[in-house]
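Residue numbers for the sequence shown, in this note's numbering: 418 to 679.
Check each hint, because a few of them may be wrong.
[Stated by the list, open to error] Keeping only pairs whose Cα atoms sit at most 16 Å apart, straight-line, the calculated EDC-like set for lysine to aspartate or glutamate is:
1) Lys636 - Asp657
2) Lys541 - Glu572
3) Lys610 - Asp633
4) Lys541 - Asp501
5) Lys672 - Asp600
6) Lys514 - Glu504
7) Lys654 - Glu519
8) Lys541 - Asp569
[Unchecked claim] Here are the computed distance ranges between Cβ atoms for each label pair:
9) Glu436 - Ala542: 42 to 48 Å
10) Leu449 - Asp628: 43 to 49 Å
11) Phe665 - Val509: 29 to 35 Å
12) Lys636 - Gln515: 35 to 41 Å
13) Asp569 - Ala663: 32 to 38 Å
14) Glu635 - Ile533: 35 to 41 Å
15) Tyr475 - Asp535: 21 to 27 Å
16) Tyr475 - Glu436: 21 to 27 Å
17) Tyr475 - Asn455: 18 to 24 Å
18) Lys636 - Pro580: 15 to 21 Å
19) Ser658 - Asn455: 33 to 39 Å
20) Trp437 - Lys672: 37 to 43 Å
21) Pro630 - Phe665: 17 to 23 Å
22) Asp628 - Ile510: 30 to 36 Å
Hints listed in this document are in silico derivations from the structure and should not be mistaken for laboratory results. Yeah, the Cβ is synthetic: ideal placement off N, Cα and C, and Gly gets one too.
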Amino acid sequence: MADKMVDRIRAMGLNNKIEWYPVISTEWPGELRFYEVNKVLFHGKSEYQEFLKDEFVYQEMLTHLPLYSIPNPKKRHSSVEQIDICELDQMVIDVYKQFFPEIAVGCDDPRVNVYINDGVAFLKAIPEGTYDAIVLDAFECVATAIELANKDFLESVARALYPGGVMFAPADSFWLDNFTQEDTIAECRQIFKVSEIYLVGMIGFMLCSSDGPTIDFEKLVNPLDTKNNGVTKGPPKFYDSQIHAAAFCLPSFAKKVGSAKF
Numbered sequence: 418m419a420d421k422m423v424d425r426i427r428a429m430g431l432n433n434k435i436e437w438y439p440v441i442s443t444e445w446p447g448e449l450r451f452y453e454v455n456k457v458l459f460h461g462k463s464e465y466q467e468f469l470k471d472e473f474v475y476q477e478m479l480t481h482l483p484l485y486s487i488p489n490p491k492k493r494h495s496s497v498e499q500i501d502i503c504e505l506d507q508m509v510i511d512v513y514k515q516f517f518p519e520i521a522v523g524c525d526d527p528r529v530n531v532y533i534n535d536g537v538a539f540l541k542a543i544p545e546g547t548y549d550a551i552v553l554d555a556f557e558c559v560a561t562a563i564e565l566a567n568k569d570f571l572e573s574v575a576r577a578l579y580p581g582g583v584m585f586a587p588a589d590s591f592w593l594d595n596f597t598q599e600d601t602i603a604e605c606r607q608i609f610k611v612s613e614i615y616l617v618g619m620i621g622f623m624l625c626s627s628d629g630p631t632i633d634f635e636k637l638v639n640p641l642d643t644k645n646n647g648v649t650k651g652p653p654k655f656y657d658s659q660i661h662a663a664a665f666c667l668p669s670f671a672k673k674v675g676s677a678k679f
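Please construct the entire structure, taking both the sequences and the accompanying hints into account.
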């Protein structure tokens with residue numbers, strides 16, 4: 418049925434000289450989405466994945482919210498001393514630099530080190546207590562990211578954090594009938610001192626802090642400085658102090674899903 422609908426919509430687009438990009442979601446059975454295409458900047462398939470454009474909402478809420486919750490880490494914003502990026506796929510870096518320079522601008526900063534490596538092996542080799550914060554930009558249900566959700570790797574993350582350091586990662590969607598990250602969240606609450614969840618639209622995010630000073634993620638420790646935007650051209654487009662507070666206002670069903678196994 419979905420394939421026939423794709424052909425029908427594409428035919429309509431050809432008649433009107435409009436190109437449509439179909440997405441048949443395996444996570445949302447029965448759902449089919451179409452996106453009107455104005456211009457294709459790049460399309461390619463690397464050894465690991467295909468490339469799609471990510472929105473600023475996802476990026477800002479994955480990074481700014483947790484980083485404004487911890488006190489003056491030396492690898493954050495204006496106080497940053499060092500950022501290590503571990504990316505499995507060289508093509509990701511190349512495409513972002515070419516087509517999304519406003520996002521990839523940080524890669525050229527002398528404080529940034531880019532490693533093309535497997536994230537699991539990279540973190541296991543990191544000395545204990547190295548990082549203030551670790552961002553895991555991967556979903557459990559994505560093929561090459563499955564290993565990032567197991568207990569051994571999460572213990573490596575906790576070991577690599579300094580006391581009171583934080584780890585944050587996407588946690589899939591609470592709207593799915595089979596919430597794939599529920600077991601991972603339960604695992605995190607056994608490994609980390611504090612584990613919290615927050616929602617941004619359809620996507621859930623997970624926050625964890627290591628042993629050390631207790632982190633209250635809902636409390637804004639470092640308020641947004643709109644006069645200091647670092648290497649970016651302006652302040653965040655989505656994140657602010659009000660959004661920070663609102664992200665932790667979970668609907669009742671999400672609270673039940675998030676605490677079912679804890």
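Hint check results:
no.	hint	in the structure
1	Lys636 - Asp657	holds, 13 Å
2	Lys541 - Glu572	holds, 9 Å
3	Lys610 - Asp633	holds, 11 Å
4	Lys541 - Asp501	holds, 14 Å
5	Lys672 - Asp600	holds, 15 Å
6	Lys514 - Glu504	holds, 14 Å
7	Lys654 - Glu519	holds, 13 Å
8	Lys541 - Asp569	holds, 9 Å
9	Glu436 - Ala542: 42 to 48 Å	holds, 45 Å
10	Leu449 - Asp628: 43 to 49 Å	holds, 46 Å
11	Phe665 - Val509: 29 to 35 Å	holds, 31 Å
12	Lys636 - Gln515: 35 to 41 Å	holds, 40 Å
13	Asp569 - Ala663: 32 to 38 Å	holds, 35 Å
14	Glu635 - Ile533: 35 to 41 Å	holds, 36 Å
15	Tyr475 - Asp535: 21 to 27 Å	holds, 23 Å
16	Tyr475 - Glu436: 21 to 27 Å	holds, 25 Å
17	Tyr475 - Asn455: 18 to 24 Å	holds, 21 Å
18	Lys636 - Pro580: 15 to 21 Å	holds, 18 Å
19	Ser658 - Asn455: 33 to 39 Å	holds, 35 Å
20	Trp437 - Lys672: 37 to 43 Å	holds, 38 Å
21	Pro630 - Phe665: 17 to 23 Å	holds, 19 Å
22	Asp628 - Ile510: 30 to 36 Å	holds, 33 Å
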